[in-house]
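A.B. asks: Here are the chains, one letter per residue:
Number of protein chains: 2
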Amino acid sequence: MFKKILFPTDFSDVSRKALEYIKQLKGAGAQEAMVLHVIDEKELAVLSRVPDHYSQIIAHIEKDIAKVMAAIEAELTAEGFRVQLIVKTGRPLTEILTTAADEKVSIIILGSHGRSNIGEMLLGSVSENVIRHAGVPVLVISREMQQDA
Amino acid sequence: MFKKILFPTDFSDVSRKALEYIKQLKGAGAQEAMVLHVIDEKELAVLSRVPDHYSQIIAHIEKDIAKVMAAIEAELTAEGFRVQLIVKTGRPLTEILTTAADEKVSIIILGSHGRSNIGEMLLGSVSENVIRHAGVPVLVISREMQQDA
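Those protein sequences? They're chains A and B, same order as listed. Residue numbering for the first sequence follows numbering that gives the first Met the number 0, starting at 0 and increasing by one per position. Residue numbering for the second sequence follows numbering that gives the first Met the number 0, starting at 0 and increasing by one per position.
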């Protein structure tokens with residue numbers, strides 16, 4: 000049930016907390032962790048304004064990501080997980096759903112920041128859309144306390 | 000992290016599936032399961048049309064619920080859980096959030112039916128609102144495959 004975990008992470012504090020839950024699931028049969036970071040293509044759009052620096056900035060971002068991913072891999076490996084690191088560029092929701100389906104994961108574990116604006120309120124947050132469409136169980140770790148609770 | 004689980008159940012197939020995940024979490028440190036069934040007050044409204052039969056019907060419903068709850072208790076006890084059964088009448092979302100807060104549960108595990116109408120689309124399903132407001136991790140077990148995926 001918890002064998003193959005997909006862990007989409009944006010490296011935030013709440014993602015960090017989700018990682019602790021993944022470790023704890025080792026005792027419930029978790030064996031494999033796929034760590035997925037999606038570079039949001041919307042956030043890259045601004046780089047089209049500085050075409051001369053594009054590849055330099057991308058290289059810098061990718062280097063930073065690789066470093067953080069390697070640290071997560073080391074942590075999970077130390078707990079006895081088989082780890083696979085995946086970095087994609089695109090829409091986070093789409094990439095999470097595609098990876099979950101292609102890799103036939105048992106469960107998705109992710110941190111959620113809650114809602115920040117009316118657009119998200121209407122469309123649903125990434126975590127809500129993952130739950131709606133993934134077709135596998137989803138464990139959502141939220142910030143300590145929701146301000147709107 | 001998984002020590003004290005709140006399991007709100009409507010006794011559906013997808014709730015049944017959630018129960019299997021709870022059992023599996025024993026290995027990850029789960030010790031206590033609070034099984035909560037909320038009798039939706041909206042569904043009782045129709046009974047005001049048959050005041051003469053009200054108490055008889057309620058007694059019948061409560062007897063059925065007690066039977067199913069006892070079966071769940073037996074299953075979880077057999078897995079080594081301390082079990083507490085709770086039946087409340089009210090709005091499911093409110094009762095779930097109140098119980099989670101009052102009992103300081105570690106995690107909420109529930110089945111989700113997905114969305115059924117535009118009203119739910121705008122307001123969010125019970126599981127989505129639990130995630131937004133509970134302030135504790137929520138594991139959502141969905142139906143096998145979402146039709147709208």
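Calculated from the structure, these hints are not laboratory results. Be aware that one or more of the hints could be misleading.
[Claimed, not checked] EDC-like, lysine to aspartate or glutamate: derived pairs with alpha carbons at most 16 Å apart: (1) B:K2 with A:E19; (2) A:K66 with A:E102; (3) A:K87 with A:E19; (4) A:K3 with A:E102; (5) A:K2 with B:E42; (6) A:K2 with A:E102.
A.B. asks: Does each hint fit the structure? Answer for all of them.
C.D. replies: Hint-by-hint comparison with the structure:
Using a Cα cut-off of 16 Å, the hinted pair K2 (chain B) and E19 (chain A) holds, with the two alpha carbons roughly 14 Å apart. A threshold of 16 Å between alpha carbons decides the hint, and for K66 (chain A) with E102 (chain A) the separation of about 24 Å lies outside it, so the pair is violated. Restraint check for K87 (chain A) and E19 (chain A): the C-alpha separation of about 23 Å exceeds 16 Å, so the hint is violated. A threshold of 16 Å between alpha carbons decides the hint, and for K3 (chain A) with E102 (chain A) the separation of about 9 Å falls inside it, so the pair holds.
Of the pairs offered as hints, the one joining K2 (chain A) and E42 (chain B) is violated, with about 39 Å between alpha carbons and a cut-off of 16 Å exceeded. Between the alpha carbons of K2 (chain A) and E102 (chain A) the distance comes to roughly 12 Å, so the proposed pair stays at or under 16 Å and holds.
Hint compliance for this structure: hints 2, 3, 5 are broken, all remaining hints hold.
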